[in-house]
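For reference, the chains in residue letters:
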Amino acid sequence: MRLPGERDLIVMAGIAGFSMALVSMLSAASAPAARSDTRLAPRRNRSSQAQTVETARKLNRAAGMLAASVLADSSVEHYRGSFKNKAMYTPLLVSALTMATSLHGTADMRPFAHKARDATYLVAAATGLVGSGFHLYNVGKRVGGFSWQNLFYGAPLGAPMAILLSGLLGFCSERVREAGRTRPRIFGLPAGRAIAAVAGAGLLGTTGEAGLLHFRGAYHNPFMLLPVTLPPIGAALLLSAAGDRSGRTHCVARSWMRLLRAMGLAGVGFHAYGVSRNMGGWRNWSQNILSGPPIPAPPSFAGLALAGLAALGLMRAHPDA
Amino acid sequence: MMLQRVGAIAVSDDPLHVPRACDGRAPDVFRPGGWVQMRQYRENEPVDFAIVGTGAGGGTLACKLAEYGFSIVAFDAGPYFRPLEDFASDESEQTKLYWTDDRIVDGANPLQLGSNNSGKAVGGSTVHFAMVSLRFRPEWFKSRTMLGYGADWPLDWREMWDYYTEVEQALKISGPVTYPWGPPRPRYPYRAHPLNGAARALAKGCEALGIKWTETPLATLSAPRGLAHPCVYRGFCVTGCSTNAKQSALVTWIPRAIAAGAEIRDLAMVGRIEVEPSGLVSGVHYHRDGAWRFQRARNVVVAGYAIETPRLLLNSATPRFPDGLANSSGLVGKNLMAQSNQAVWGRLEHEVRSYKGPPSLAITEHWNYEDKGKDFFGGYSYMSQGPLPQLWANTLFSARGLWGDRLVEAMKDYNHVVGLKIVGEMLPQESNRVTLADEVDQYGLRIPRVTYSWCDNDKRLIDHSLKFMRRALEAVDATDTWIQDDDTCHLNGTARMGSDAHTSVVDVDCRSWDIPNLWICDGSVFPTVGGANPSLTIQAIACRTADRIRALARQGSMRRANILSMQRG
Chain A
92 MRLPGERDLI VMAGIAGFSM ALVSMLSAAS APAARSDTRL APRRNRSSQA QTVETARKLN
152 RAAGMLAASV LADSSVEHYR GSFKNKAMYT PLLVSALTMA TSLHGTADMR PFAHKARDAT
212 YLVAAATGLV GSGFHLYNVG KRVGGFSWQN LFYGAPLGAP MAILLSGLLG FCSERVREAG
272 RTRPRIFGLP AGRAIAAVAG AGLLGTTGEA GLLHFRGAYH NPFMLLPVTL PPIGAALLLS
332 AAGDRSGRTH CVARSWMRLL RAMGLAGVGF HAYGVSRNMG GWRNWSQNIL SGPPIPAPPS
392 FAGLALAGLA ALGLMRAHPD A
Chain B
34 MMLQRVGAIA VSDDPLHVPR ACDGRAPDVF RPGGWVQMRQ YRENEPVDFA IVGTGAGGGT
94 LACKLAEYGF SIVAFDAGPY FRPLEDFASD ESEQTKLYWT DDRIVDGANP LQLGSNNSGK
154 AVGGSTVHFA MVSLRFRPEW FKSRTMLGYG ADWPLDWREM WDYYTEVEQA LKISGPVTYP
214 WGPPRPRYPY RAHPLNGAAR ALAKGCEALG IKWTETPLAT LSAPRGLAHP CVYRGFCVTG
274 CSTNAKQSAL VTWIPRAIAA GAEIRDLAMV GRIEVEPSGL VSGVHYHRDG AWRFQRARNV
334 VVAGYAIETP RLLLNSATPR FPDGLANSSG LVGKNLMAQS NQAVWGRLEH EVRSYKGPPS
394 LAITEHWNYE DKGKDFFGGY SYMSQGPLPQ LWANTLFSAR GLWGDRLVEA MKDYNHVVGL
454 KIVGEMLPQE SNRVTLADEV DQYGLRIPRV TYSWCDNDKR LIDHSLKFMR RALEAVDATD
514 TWIQDDDTCH LNGTARMGSD AHTSVVDVDC RSWDIPNLWI CDGSVFPTVG GANPSLTIQA
574 IACRTADRIR ALARQGSMRR ANILSMQRG
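Chains as they are written, first to last, in the numbering used here: chain A, 92 to 412; chain B, 34 to 602.
Some hints could be false.
As the list claims (entries may be wrong) - Have a look at the derived ranges for each label pair, beta carbon to beta carbon:
#	chain 1	residue 1	chain 2	residue 2	range
1	A	F225	B	S122	30 to 40 Å
2	A	F306	B	P216	15 to 25 Å
3	B	A121	A	A207	51 to 61 Å
4	B	R504	A	G236	14 to 24 Å
To be verified - Result set (DSS-like, lysine-lysine): computed pairs, CA atoms no more than 25 Å apart in a straight line:
#	chain 1	residue 1	chain 2	residue 2
5	A	K232	B	K389
6	B	K237	A	K175
7	B	K407	B	K500
8	B	K245	A	K232
Honestly, the hints are just simulated from the structure, not real lab data.
Note that the coordinates shown come from a computational prediction; the quantities given were computed from them, not determined experimentally.
A virtual CB, placed ideally from N, CA and C, is assigned to each residue, including glycine.
Throw the hints in and build the complete structure from the sequences for me.
And the structure:
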């Protein structure tokens with residue numbers, strides 16, 4: 092048997108990291124979800140400090156989920172691209188770091204921002220912006236320019252946005268966390284609403300990405316319509332919650348976020364099935380994981396849904412946040 | 034007794050010598066070793082239609098007619114292959130897909146027969162076609178009236194536009210989101226495939242010369258479909274697809290036909306059509322399992338492509354029809370049209386690896402739709418190329434005379450080869466024809482003599498295309514460009530359709546003018562060929578013919594119409 096090369100090891104580590112992170116995120120995510128099911132009025136008398144830390148941890152979890160998705164997805168896709176440009180290693184390193192940072196934040200109960208976490212999240216956001224530039228350049232330079240052919244098969248324009256979102260959510264998390272005794276604000280905006288807006292916009296962007304690639308697959312399976320129909324509704328609910336000052340609890344939006352979380356995780360299963368429909372099925376995994384639908388991509392929706400849940404929770408605890 | 038035969042077939046599973054479609058079952062092309070149930074008909078009870086040939090014309094028609102409730106037996110001289118098991122990544126082995134029986138070629142430009150322009154298998158040459166699925170330019174259906182050359186078709190392009198859509202949907206054609214030429218068409222059901230290096234070279238050349246290009250609409254899947262997998266870009270398309278991504282008649286129309294109650298008889302060579310004293314045909318004589326047999330039929334459809342179709346009609350001559358069946362016009366076998374298939378090749382500094390993926394991923398139909406700047410009638414498209422290594426070595430030998438060390442040296446550049454090849458319109462000429470030679474083949478049937486010469490217009494078109502493609506290659510910095518000036522592809526004509534019994538062999542419904550229950554449904558009926566690969570048009574015509582037959586049957590006028598046209602004749 093041939094020993095795996097350096098690149099294969101990196102990719103395998105990426106996939107392993109993704110799996111571990113997914114499991115830990117999910118086990119952490121299930122507990123607070125059960126608790127928040129009680130439809131109570133805003134618990135204003137509850138310790139606001141504990142509440143903001145809990146929200147911050149939820150946001151760390153959301154950022155971590157997105158980072159895990161980016162780590163696995165960019166590992167596979169950039170491996171497929173043979174790491175032709177050395178810069179293609181960047182998202183692997185940054186997303187791994189962001190994921191580790193998020194795990195740290197999820198475990199951290201202290202009500203203070205952490206400088207290293209802050210820095211990592213800012214690097215992640217910057218990586219997303221620079222990555223988008225790289226991907227735009229890649230598509231634009233191909234013959235035909237910004238044609239369907241190149242949007243389908245060139246570097247995916249929307250993909251680097253996921254690490255940008257991860258960084259933004261993580262940055263928001265730190266702002267929420269340090270606002271223990273004051274109203275959480277981000278750049279002077281109410282934090283809950285700002286995060287809801289970011290998550291809503293993220294959902295729309297991710298829908299665009301899924302829509303483009305599912306169009307490439309000609310929607311040959313009707314389930315491929317789900318990620319282009321459910322998330323925009325979720326985005327609308329989040330954005331309307333962000334703009335709503337009536338102090339309602341937004342239970343429809345919260346339920347919808349749980350639906351999107353489930354959809355994002357179910358997407359892994361659908362994509363695994365999609366891989367099996369290529370020649371040789373899972374027996375030919377080393378080829379079909381690369382040529383079939385990207386298995387790590389759908390959890391991006393789950394990550395954004397977690398962020399949406401956190402934002403809605405924050406708004407419930409701090410009606411003016 | 035039946036059980037014993039089933040056992041016997043399972044033991045000796047040699048599709049080239051032992052029929053597979055017998056005993057109430059046919060191979061399941063989607064499951065290794067699998068079978069599907071197949072209805073079988075008695076030879077002495079007439080079926081509604083005996084169809085000779087199971088390719089783009091016969092396979093499609095068998096499916097549609099069976100789905101409309103007619104009883105169908107479709108014959109093919111070739112084997113019933115199981116693509117998942119029988120197809121190797123080996124050019125020599127895969128020559129088993131070609132029709133390589135004896136033929137005589139002559140004329141000033143004798144055709145090279147026996148490879149890309151022939152097929153001997155259930156599914157016909159669609160089993161190894163390059164999957165290029167183009168619509169005709171609408172004006173071509175009236176090329177005499179509107180463009181001043183060739184002959185008018187009796188068909189209306191708007192009607193054909195709908196049948197093209199039906200076929201594109203049935204084959205899940207992967208094509209561009211919008212097609213840059215011609216009137217609007219519905220979106221292709223599947224998206225285009227990614228371009229390979231050869232296709233990108235075509236695209237860059239077109240952009241440099243300021244003409245449009247697009248992804249070629251291809252009959253190979255870009256997403257899963259049922260049990261068929263999406264294309265894996267193996268590149269052996271023209272030697273038979275071993276993954277079932279290629280939407281050949283073998284994996285599309287034929288399984289549908291069988292499910293709808295049609296019977297397919299493989300390794301069944303039809304040698305003669307029987308004519309009753311009344312002047313109607315009554316069935317076909319065919320050779321299978323070492324013996325001549327006879328299948329009775331109320332109608333016979335000939336779908337053997339442009340050489341075997343006229344050969345069968347001519348070989349079926351009777352005292353009443355001494356010049357062959359359906360030949361009162363004298364046009365059976367005449368107006369044979371190949372398509373010119375010349376190429377310009379060159380070398381790029383960077384690796385191209387043109388053999389990856391389907392061979393013709395990008396196309397320009399510019400010179401099909403642009404009439405200015407031409408010194409010839411007709412049009413041509415040109416496509417990117419991906420010759421497999423053996424074909425490439427053969428091309429270097431036959432077109433450039435390379436051999437020995439020089440050939441080895443040239444083959445070392447294989448990864449850098451880039452080429453553009455036309456599918457060009459050749460004009461119908463009565464002197465280009467299929468006749469019968471005196472020699473006989475292994476079945477004792479007289480073999481065809483195929484006479485072919487280019488006319489001046491053909492040469493001008495070729496000349497124009499070669500000059501243009503050379504510019505296109507030089508625009509992408511190709512070096513060492515050279516011309517392959519003698520190649521043809523596709524065979525059409527020889528039983529043209531028309532609106533006048535004196536100047537055509539069949540009417541608009543593919544029904545012969547002379548014998549009302551004899552039909553011809555394949556590329557033979559083309560009055561002109563255009564500069565586009567014919568398979569989509571053949572299938573669209575077959576779909577239309579099926580609809581017309583159903584309409585005639587519903588009117589109860591099949592028989593009455595027979596008598597009417599008999600009287601007219």
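(message) Hints numbered earlier in the text: which of these fail when held up against the supplied structure?
(response) Hint check: nothing fails, all pass.
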